[in-house]
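One letter stands for each residue in the lines below.
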Amino acid sequence: MTAIDVRGLHSRRGDAEVLCGIDLTVARGEVVAVLGASGSGKTTLLRALNYLTPFMAGEVRVADACLVPGMSERRDRRTLQAVRRRVGMVFQGFQLFPHLTVLENVTEAPRRVLGRSVVGALEDGRRLLGRVGLEGKGAAYPHQLSGGQRQRVAIARALAMEPEVLLLDEPTSSLDPALVGEVLAVIADLAASGQTMLVVTHEMGFARRVAARAVVLSEGRIAEEGTPADVLDAPRSAATRALLGSAARV
Amino acid sequence: MRALRGPRLLAKRDGTRDRVVRAMLLVTMSASVAAAAVSRVQSAGELRWCGDLQGGEPYVFQDPAGGEGIVGFEVEIADAIARRLGVRAAFVQNDWQMLIPALERGDCDVVLNGLEVTPARAARVRFSRPYYRFGLSLMVRRADAARFRDLAALGDRRVATLGGSLGADVLERSRVTVVLHEGVEEPYIDLEQGRVDGVVLDHIIAARYGVPRAALEQVAEVGEGVYAIALRPADEDLARAVDEALGALVTSGELRAILTRWRLWDDRQGLLEAPLPSADVSARSLGWPALRLFLQGAAVTIVISASAMLLAVGGGLALSLVRRYGGRVARMLATAYVEVFRGTPVLLQLYVLYYGLAPLVALDAFTAAVLGLGLNYAAYEAELYRAGLEAVPVEQTEAALALGMSRGLALRRIVLPQAVRVALPGIANDFIALLKDSSLVSVITVVELTKQMTITAVDVRGWLVPGLLCAALYLAMSLPLSRLARQLERRLVPVAR
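As given, the protein sequences belong to chains A and B, one line each in that order.
So for the first sequence, the numbering used here puts the first residue at 1; every next one is plus one.
So for the second sequence, the numbering used here puts the first residue at 251; every next one is plus one.
If the Cβ cut is set under 8 angstroms, some of the chain B residues that face chain A in the computed set are:
#1 645
#2 646
#3 648
#4 659
#5 663
Everything labelled a hint here was simulated from the structure, so no lab data went into it.
Think of the CB as a built atom: it goes at the ideal place given N, C-alpha and C, for glycine as much as any other residue.
The whole structure should be built from the sequences, with the hints applied where relevant.
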């Protein structure tokens, strides 16, 4: 069963081509790590999958829908909302809602979008907070939490929609090194439970342990793809070698 | 006389030349004190007289032939009196309701502008002998002329007149509900529109502004009065000189010529020789009844401000959303609205809304006041919301959309609550400003707190105490508002991001 099917994806920002023909398939239950240097198009690829960033050519099949170039937020709102309901996203900068408590952050979309009852949504919300190790933090506001805790709330918020696919965009890049571990542990736990995930990351060790497959992007193209062990231990492309070299230096 | 006798006694007793010379100096000085006002006017070379051009034809008004001159029968009377004092007349513009305070402040030497002799005024200023006699005319709509023959027939209906006029005194003593205007044409507009059921004004005013309106009819004369020149009681010498000059104008027929030229002469004027009825009314004290009126005024202020603010907060939100998310034409219209309502005085907007639109929609005064203030403040609130919306990062919308929310839901649940808390301090400030701006609605006959203060100030003949009381009431309203604003801010902003 295919969860995501990307064909010939081209994207452009101004005059610069960001993605130049990406083909990518993600099977249901699979965890794919997307690696690559800054500016290689990783984030653009991820954001194309729920159409937060429109693309110029190609198509994305996801959640029983087909995303194509030229869709509009207004005209195609039904399709886009349907896709986004089933494709969760975790941002590098968390993007929690600062005026809502942690529990409200988690229950807002299930209640307003899925029409869940308050009681049911709260119950699920508390369970999810427990799952990401934040039981008892429901009444706190985001600003009262550490970065690692905030990112775990963001993951719980995405999970509350029971997404078929979870997109994680450099989920640990804004965190202090000491807090990275707690977030990666949660993601690893999700992977173990069979959650389909596409994770943009710089954490090579994490990719090796958790991902079933690694995809290396370079200048808008897929430079290399395979099992993390193959890609990381025996890189075939210059881009991968350069990436591993810089990662090793850090 | 006393001053003259003094020196002679002194001279007799001491017999020294020195003393006599000094005493003579004293005589000259005391004589100049007694004639201080006249010599002040004469050394200035002009008699400054206060009036209000808004009173219009035939009193004092801008020369319709153009130029910067003013004309009117009172201009000619002022000129004639000044001539007899050996000076020229200089006109000083002032709001009609403020003519006596202006006199007391020393802005002018006399007030000469259709000032009716009322007991309250007579106790406050020194009136000259009258220069005109008038009747108080009651006008109603022609359709009602048969049933409203006099004031009693009007019951407790709304009847309009000028604030602080003799008409107001007469109406206060009847059962009708008094509506106070500040211009002479507006009461008749309101009568035509059905906002009031009668107008009581001097027959000169009625003849010019009421009678020409075909839908209105003069049904009765409900009183009589005189116009006189008002002076400061301390300027008794000037008052006597003015009386003398007026007397000369009457006997020489000059006054009659002026009044005839302005088609104001009638049989009534033959009685101008008659003495003034003496008036000795002491000032009303600032007791419970006045206080109750103040509280009523404060209540009107609160109700109008709160209603207008509600309108402004809702309208401003709609405007800001249209400006941000609307189509091109809608965006342009909303921008034009904000610029027009922010760029023109709210006073002008109130006039246009109440009097200008009267032929199309006859709004009652309260509705016009709330609408006028609300529409004006909506423009300001729109700008505050705009700043608030711009302060919310676009990533917040993206996060909401990524959860499957519609744009509307994202706006309502995620963006707006954050935008509002940015806008809130400004909105609370505007509410306090609106509370004070609401005093402007007195121009469309609404008696709110400030208007009540000016009315009471005339009654008790002092501005300080009513002014302080009025200020205290405004503070009592605005201070809790500031507090509430701070609390709301704290509640909506748990702590900064």
